[in-house]
Amino acid sequence: MNAELHYSLYGPSSDLFSIDPYSGTVFTSSVLQRMDDIIVNVHVEDGGEDRKFDTTTISIRFQDEFWVNASSGEIYTKQPLMLHNSAFEISQFTVVAFDCGIVPTFSNTTVIVRLEQYNHHPPVFLPVQPLIAVPYHLPTLADAENLFLTLFNHGVITGMDVDETLVYVSVTDTNDPPVFTPTSYIANITEDSPAGTSVVTVSALDQDSILDWNRFFFSIENGNTNFSFAIDPSSGLISVNSPLDRELWPVYNLTVTATDNGSPPATGTTTVIVTIGDVNDNAPKLTTTGAQVKENQPEGTVVTRLNASDSDLPPNQGPFTYSLLNRSTGFLLTPDGLLLTTQTIDREQLFIVSLSGGLET
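Mind the numbering: the sequence shown is residues 1 to 361 in the UniProt record's numbering, read in order.
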């Protein structure tokens, strides 16, 4: 009995802890808030009739971990969080209102801000340092009216040392340029298309909230050789403006802009590739311009084989069909271009032969 020991706590902070009267193990009585070091008094006595006792003190020091008062969720910024052109700055992010009124230190933890937009994009995790302004660029345009911010501990979390609160972030509109949808265009049109023929319609979207910022007009800035095309500034319809010639300019790379009415204006850009289709608008040209044959050669002597070229594309390019305009010249021209004599040729006689390879020759 004399060796049986009994432990107990006493003093101002003893209600925060409990002690096993037999083993001397000290427990917390409730969730503890961060505060200065605590001194707890311990009393131990034996079980004898003339009981002996002793006392000691336990100094309890809180580890340097981040936590927030779970009942109040006191997370705030001294200034509103302003977003401009997909970037924002967290100004003086501060954690306050602990029960003991102490601003914590963060040497062992990393504070994380989680941003989550209404459009169900994956949340963005951003390390920050409290009391220091932190710039951050969003990966996408911040067009939501509000964003969710959550501040919590990124270290080892026991379940009792973390809290979250909701901060509404106002997104301040700036004059963003119109955005083309899709980002580029491809069109085809034949070279015989008359002026006024529709080619393609471009479209853009401007989600600015200010009226002058979301009104815009279209124009063709570059690539419009010979002013071949025109664009309706309101509808974005591109049409033929002047005669086209595929042989001179087969492809147009147009730079089209959409410019709003802001001050200064903001401009979006897209590319329109227009390929000109071929039509049979070019006559073949004979590349064989002369030939000779010895006199007194018999009928059927081969003089030459004719060749021709055409600036058009297949199937408008060939094969060619050859014929003589004057059939009483002493020569025969086969459809595939072989020129033959039809009689014995006398050198003292002069034959002038006119050949045609096809369209408009």
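None of these hints come from the bench; they were simulated from the model. Built from N, CA and C at the ideal position, the CB exists for glycine as well. Fair warning: there could be bad hints in the mix.
[Claimed, not checked] What follows is a list of derived Cβ distance ranges for each label pair:
#, residue 1, residue 2, range
1, P314, L340, 49 to 55 Å
2, S235, T288, 49 to 55 Å
3, L248, T201, 23 to 29 Å
4, T267, P314, 48 to 54 Å
5, A283, S203, 29 to 35 Å
6, Q292, T225, 43 to 49 Å
7, S203, N253, 17 to 23 Å
8, K52, F27, 46 to 52 Å
9, T174, N222, 37 to 43 Å
10, F27, D50, 28 to 34 Å
Structure-based check of all given hints:
Separation of P314 from L340 is about 29 Å and departs from the stated range, judged on CB atoms against 49 to 55 Å. At about 53 Å, the beta-carbon gap between S235 and T288 stays in the expected band of 49 to 55 Å. About 26 Å separates the C-beta atoms of L248 and T201, a value consistent with the hinted range of 23 to 29 Å. At about 42 Å, the beta-carbon gap between T267 and P314 misses the expected band of 48 to 54 Å.
Taking 29 to 35 Å as the suggested C-beta distance range, the pair A283 and S203 does not conform, at roughly 42 Å. A beta carbon spacing of about 45 Å between Q292 and T225 agrees with the range 43 to 49 Å that was offered as a hint. As the Cβ distance of S203 to N253 is approximately 19 Å, the hint placing it in 17 to 23 Å holds. At about 26 Å, the CB distance of K52 to F27 disagrees with the hint of 46 to 52 Å.
The supplied range of 37 to 43 Å is broken by T174 and N222, whose beta-carbon atoms lie about 27 Å from each other. Roughly 31 Å separates the CB atoms of F27 and D50, a value that falls within the hinted 28 to 34 Å.
Comparing the model with each earlier hint shows violations of hints 1, 4, 5, 8, 9; every other hint is respected.
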